[in-house]
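Chains E and S, in that order, are what the protein sequence lines are. Everything in the first sequence is counted per our numbering, starting at 1 for the first residue and increasing by one. Everything in the second sequence is counted per our numbering, starting at 292 for the first residue and increasing by one.
Some clues are possibly wrong.
Claimed, not checked - Computed spacing ranges between beta-carbons, pair by pair:
#, chain 1, residue 1, chain 2, residue 2, range
1, S, 583, E, 120, 53 to 59 Å
2, S, 563, E, 133, 53 to 59 Å
3, S, 563, E, 118, 22 to 28 Å
4, E, 118, S, 394, 57 to 63 Å
5, E, 176, S, 583, 23 to 29 Å
6, S, 299, E, 177, 34 to 40 Å
7, E, 81, S, 394, 45 to 51 Å
As the list claims (entries may be wrong) - Looking from chain E toward chain S, a few residues come up when the C-beta cut is under 7 Å (computed):
#, residue
8, 83
9, 90
10, 101
11, 104
12, 137
13, 265
14, 268
15, 272
16, 273
17, 283
Derived from the structure by calculation, the hints contain no laboratory data. Every residue, glycine too, gets a C-beta built ideally from N, C-alpha and C.
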Amino acid sequence: MPEQLFQFLVTGITVGSTYALVGLGFALIYNASDVVNFAQGEFVMLGAMAAIALLGAGLPLPLAAILATLATVGVGLLLERFAIEPALGASVVTTIIITIGAAIFLRGIAMLLWGKDFHSLPPFTGDAPIQLGGATVLPQSLWVLGVTVALVVLVRLFFNRTLIGKALLACSFNRAAAQLVGINVRMMLRLAYGLSAGLGALAGILIAPITFSSYEAGVMLGLKGFSAAIVGGIGNPMGAVAGGLLLGVLESLGAGLVSSGYKDAIAFLFVLMVLFFEPTGLFGHKAAERV
Amino acid sequence: MRLAGFYLCVVVVVLLPMVFPNNYFVTVVGISAGLHAILAVGLNLLMGYAGQISLGHAAFFGMGAYSSAILTTRFAWPGVWAMLAGLMVTAVLAWVLARPILRLRGHYLAMATLGFGVIIHVIMVQATSWTGGPDGLTGIPPLNLLGWVVDSDTRWYIVIAATMLLAIWLSLNLIDSRIGRALRAVHGSEFAAQMLGINTSRAKTQVFIVSALFAAFAGSLFAHQQGFVSPDSFSLTISVELVTMVVLGGMASTFGAAGGAITLTLLHAGLVVFQDYEMLIHGVLLMAVMIFMPQGLFVGLSQAIRKIGHGLRSGNRP
Numbered sequence: 001m002p003e004q005l006f007q008f009l010v011t012g013i014t015v016g017s018t019y020a021l022v023g024l025g026f027a028l029i030y031n032a033s034d035v036v037n038f039a040q041g042e043f044v045m046l047g048a049m050a051a052i053a054l055l056g057a058g059l060p061l062p063l064a065a066i067l068a069t070l071a072t073v074g075v076g077l078l079l080e081r082f083a084i085e086p087a088l089g090a091s092v093v094t095t096i097i098i099t100i101g102a103a104i105f106l107r108g109i110a111m112l113l114w115g116k117d118f119h120s121l122p123p124f125t126g127d128a129p130i131q132l133g134g135a136t137v138l139p140q141s142l143w144v145l146g147v148t149v150a151l152v153v154l155v156r157l158f159f160n161r162t163l164i165g166k167a168l169l170a171c172s173f174n175r176a177a178a179q180l181v182g183i184n185v186r187m188m189l190r191l192a193y194g195l196s197a198g199l200g201a202l203a204g205i206l207i208a209p210i211t212f213s214s215y216e217a218g219v220m221l222g223l224k225g226f227s228a229a230i231v232g233g234i235g236n237p238m239g240a241v242a243g244g245l246l247l248g249v250l251e252s253l254g255a256g257l258v259s260s261g262y263k264d265a266i267a268f269l270f271v272l273m274v275l276f277f278e279p280t281g282l283f284g285h286k287a288a289e290r291v
Numbered sequence: 292m293r294l295a296g297f298y299l300c301v302v303v304v305v306l307l308p309m310v311f312p313n314n315y316f317v318t319v320v321g322i323s324a325g326l327h328a329i330l331a332v333g334l335n336l337l338m339g340y341a342g343q344i345s346l347g348h349a350a351f352f353g354m355g356a357y358s359s360a361i362l363t364t365r366f367a368w369p370g371v372w373a374m375l376a377g378l379m380v381t382a383v384l385a386w387v388l389a390r391p392i393l394r395l396r397g398h399y400l401a402m403a404t405l406g407f408g409v410i411i412h413v414i415m416v417q418a419t420s421w422t423g424g425p426d427g428l429t430g431i432p433p434l435n436l437l438g439w440v441v442d443s444d445t446r447w448y449i450v451i452a453a454t455m456l457l458a459i460w461l462s463l464n465l466i467d468s469r470i471g472r473a474l475r476a477v478h479g480s481e482f483a484a485q486m487l488g489i490n491t492s493r494a495k496t497q498v499f500i501v502s503a504l505f506a507a508f509a510g511s512l513f514a515h516q517q518g519f520v521s522p523d524s525f526s527l528t529i530s531v532e533l534v535t536m537v538v539l540g541g542m543a544s545t546f547g548a549a550g551g552a553i554t555l556t557l558l559h560a561g562l563v564v565f566q567d568y569e570m571l572i573h574g575v576l577l578m579a580v581m582i583f584m585p586q587g588l589f590v591g592l593s594q595a596i597r598k599i600g601h602g603l604r605s606g607n608r609p
């Protein structure tokens, strides 16, 4: 039984890492623009599908991964320029619908480009399982974990140690004040969308060898990333990472110990419970309402 | 003259099948449009007037449908009793959920309602012994209203059109009642509404239950009309589509919500021709309307018409 639990934990942390990266993307965009981007899951799908397509076209895997990420960053920038900027300052409902529209649009494009079939990426370094204690770990899981840790550390360093990162942080606290001290707020907005699209694409490429990808793969991943961001307290990047890992582990335990069919229900039940008892998430600020 | 728009609606709904008898777009698509209109008018009470977003409304629609389906096929209940039972179950669940859910705001509320919708959908897929799982339930008998069996497209048109008109009439009257004014105050500023002595959490709970009941009622009708239910009809996609209908037509307008529902249903029926491009067009339309006409198609149009009307009456060119 302990070995089994350890196995669930490993699986959970692997899946949770993906949620963490998607959640991190949510937090970045929310901080910069007060928008919850429902097309975040589509970035994950686009990254994976583009990498698969480029690999199929004969490119080596690292190059395919880099190009796919860059292409997704491009899509993120286009989304910001043509769908978010024109509607800046609109109500929550309006921006939610705009990003939902964008998600449907991107899904439609992916379906036209790559059809409705499932595709998969080969594991980065073989698929010989590694024995770790009593659990079996796929090499790809280690890739997911390693790259996620690296990305999270990089994002932290970016916000704490670089001028651009601090400027982006300043925008999230008070956009008008940031503008007054000479920060190019519009540029920061684009940066946030590009960054978050890139994070999403990388998450998609990392997880594609473990779970298959299709034009619809982004929907659930996006929702789980949104849940991660909400559980962590929206707008708190590290909270989103913690939320993602927590969600992944709970889901894996639920699938293993209760029923795999109910794993999504268990994850969302957990989110509901968190919200009922902590209406602003586990690590969120208790913001006062301005009247 | 407060209900002038409503009377116009009645005339149009009655005349349509007379002018176009046995027209596919009037009867078949019209039934679906009417059902969507009931759902949208109900959701609009919650979203448009009380300002509370719900991304899980398909769950209530599904609860009505599955209650009718399960009780009529497995327990041989008469349709009307099954429908009432479905309404009761939905009301109780909505009442239990209302307080903790409506305490949340903005994106947190969106998340909670979305999560609720996903949970209900997973139960529909997984609780196979009750719901028939992903394949759903078949063989739901036609609705029997005191001996009048609703079993043709024309009869369904009558039932659903009448229900839709009733929903619109209820919604129009509710908004102009004391509760309606309280809700609009909550939308403006919840804090200010509290200061005025409005029990805001009770007002929100009431509208949440009413809105859920509209959806459950539509669900029961849908189950009998289709003769078959499956989880696909109550997924997140449908919840999102319902929100789209309300927003497309124009929030805080009963006719806007109904109009949005009818427009989107017709659009779907029309876009079938484009098959693979349907999603693409759907996505672009959503974004375009929200960016260029954030107050919605019908509210935008009616404002423009009113402006022209004013211009003509005062003798000025618009």
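Outcome of the hint check:
| no. | hint | result |
| --- | --- | --- |
| 1 | S/583 / E/120: 53 to 59 Å | 40 Å, violated |
| 2 | S/563 / E/133: 53 to 59 Å | 55 Å, holds |
| 3 | S/563 / E/118: 22 to 28 Å | 25 Å, holds |
| 4 | E/118 / S/394: 57 to 63 Å | 41 Å, violated |
| 5 | E/176 / S/583: 23 to 29 Å | 26 Å, holds |
| 6 | S/299 / E/177: 34 to 40 Å | 51 Å, violated |
| 7 | E/81 / S/394: 45 to 51 Å | 37 Å, violated |
| 8 | 83 | 5 Å, holds |
| 9 | 90 | 6 Å, holds |
| 10 | 101 | 3 Å, holds |
| 11 | 104 | 4 Å, holds |
| 12 | 137 | 29 Å, violated |
| 13 | 265 | 4 Å, holds |
| 14 | 268 | 4 Å, holds |
| 15 | 272 | 5 Å, holds |
| 16 | 273 | 10 Å, violated |
| 17 | 283 | 14 Å, violated |
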